[in-house]
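*Asks:* Chains as they are written, first to last, in the working numbering: chain A, 304 to 499; chain B, 82 to 324.
Read the hints as simulated data drawn from the structure, not as lab findings.
All residues carry an ideal CB built from backbone N, CA and C; glycine is no exception.
Hints may contain errors.
[What the hints assert, rightly or not] What the simulated footprint calls covered on chain A by chain B, stretch by stretch (three residues with Cβ under 8 Å from a Cβ of chain B suffice, anywhere in the stretch; the number is not a length):
no., segment
1, 323 to 337
2, 348 to 357
3, 367 to 374
4, 384 to 393
5, 438 to 448
6, 475 to 485
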Amino acid sequence: MGVATVYPAIHQDVALDIELVERHRCGDLQAFDEVYGRFGEMVYNLAVRLSRNREEAADLTQEIFLRVYRHLGSFGGRSTLKTWVFRIAVNHCRDRLSRHVLPMQSIDDGFEEGGLPIADPGRGPEELAVAADEGRRVTEGLARLPQVFREVVVLRDLEGLSYEEIAEVLGVRVGTVRSRIARGREQLRLLLEEGL
Amino acid sequence: MNRHISTEQLSAYLDSELGFVEMRQLEAHCGACAECGSHLASMRRVVAGLGGVVRAVPPPALRQQIRRQVLQEVPARGLRGALEGFRLLLFTPRPALRTAAAMGLALVVGLFAVNHGPGRDAIPQVEPAPGLEVVTVNPGAPLAMLLTTSEVAGREFVWTETSWVQRGLEGETPVALVDAGSPRGRELLTRYSDLEFLLADGSPVVLRYNLQTVEIRSKAANRVLGLDTHPRPGSRHARTVSA
Chain A
304 MGVATVYPAI
314 HQDVALDIEL
324 VERHRCGDLQ
334 AFDEVYGRFG
344 EMVYNLAVRL
354 SRNREEAADL
364 TQEIFLRVYR
374 HLGSFGGRST
384 LKTWVFRIAV
394 NHCRDRLSRH
404 VLPMQSIDDG
414 FEEGGLPIAD
424 PGRGPEELAV
434 AADEGRRVTE
444 GLARLPQVFR
454 EVVVLRDLEG
464 LSYEEIAEVL
474 GVRVGTVRSR
484 IARGREQLRL
494 LLEEGL
Chain B
82 MNRHISTEQL
92 SAYLDSELGF
102 VEMRQLEAHC
112 GACAECGSHL
122 ASMRRVVAGL
132 GGVVRAVPPP
142 ALRQQIRRQV
152 LQEVPARGLR
162 GALEGFRLLL
172 FTPRPALRTA
182 AAMGLALVVG
192 LFAVNHGPGR
202 DAIPQVEPAP
212 GLEVVTVNPG
222 APLAMLLTTS
232 EVAGREFVWT
242 ETSWVQRGLE
252 GETPVALVDA
262 GSPRGRELLT
272 RYSDLEFLLA
282 DGSPVVLRYN
292 LQTVEIRSKA
302 ANRVLGLDTH
312 PRPGSRHART
322 VSA
């Protein structure tokens with residue numbers, strides 16, 4: 304009977320990351336395009352939530368990916384490419400947004416840009432309307448959270464990063480991440496209960 | 082577990098970040114304590130609500146825009162790679178090799194200076210008169226390499242005889258002309274206030290803004306370098322001039 308070696312999914316990700324970086328070092332432009340394909344939407348969403356402004360988020364995403372392109376060759380594989388890209392994204396957003404106070408824009412209008420929620424055959428129009436309204440309220444509450452909490456809540460609840468990944472992205476301990484997520488969610492809960 | 086459960090524990094429980102024993106204790110407590118049960122339920126609703134937030138879709142033009150910018154970066158990256166190689170040669174981690182490399186380089190530079198130093202063809206040195214700046218240009222000097230650049234608002238701008246152009250946009254025709262005094266111009270300057278340095282002498286500035294190449298210029302005729310006749314509150318470049 305043969306013995307099958309099962310590698311955790313993370314190892315497959317790392318192997319793919321290293322392959323992409325190697326191709327980039329060899330001058331394969333397609334490799335960078337694949338990096339954008341994997342993380343472009345995540346980074347744009349993060350930028351939208353942190354800047355609270357879609358136009359600014361587009362500019363930020365563009366600048367973030369230029370940085371990624373410039374430094375991709377020096378990626379050492381000590382973390383996953385995902386956390387590496389997110390680290391660049393968070394640092395760049397912090398840097399840019401600390402210098403400019405932007406006018407807050409309504410960003411719950413994802414419906415305008417093809418961001419329609421997937422139709423659920425089990426939910427009637429009324430139920431869908433309630434869900435959409437709830438989504439709008441949560442988005443508004445999220446925009447009001449202090450940035451330090453907004454970052455972790457977005458990374459955890461919207462982008463689905465684990466506590467360890469968030470700790471790596473932000474350069475803090477897992478315990479700090481756990482505490483910030485809890486405080487961010489609690490503040491959001493209170494905001495929603497107070498009707499914003 | 083007699084005391085109420087902390088927010089941090091409830092939040093970690095919802096993320097399955099608690100150990101088995103702690104999880105069972107929390108569930109038992111929440112089943113018996115109405116306050117903690119209600120807190121957990123309301124926290125669960127928040128997390129579910131966050132999970133249901135509609136994701137923003139990046140504008141389709143963004144990917145093309147990034148591709149174009151990256152293509153413009155390719156030659157610069159080649160040069161940077163060469164410089165990096167040179168740096169590694171000089172600052173290799175082993176001190177003995179580093180010293181040897183530095184001495185070798187000094188020797189080569191010294192020999193070159195001896196062989197190509199001032200001779201019969203050398204340009205005579207003229208003592209400049211006090212207060213005068215003498216600029217000597219050797220024949221064949223690569224003038225095209227002498228670019229005037231400025232790093233403002235996190236971007237690099239290149240002077241192109243008539244205007245400041247954001248690096249990478251040279252040769253592009255702006256799709257919009259923005260007056261610095263117009264609402265859009267003011268909005269742009271609010272975001273990139275440092276641009277006022279470039280606009281101060283009346284030079285137009287071409288930059289990427291909201292995925293478009295735009296040209297911004299200040300039409301105020303009496304705007305002198307560093308002086309703004311309409312200081313905006315909070316602007317660190319604005320000064321009031323009194324008669």
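*Asks:* If a hint holds in the structure, say so; if it doesn't, say that too.
*Replies:* Hint check:
1. 323 to 337: holds (count 3)
2. 348 to 357: holds (count 3)
3. 367 to 374: Holds: 4 residues of the segment 367 to 374 of chain A have a Cβ under 8 Å from chain B.
4. 384 to 393: violated (count 0)
5. 438 to 448: holds (count 5)
6. 475 to 485: Check passed, 4 qualifying residues.
Hint compliance for this structure: hint 4 is the single one not met.
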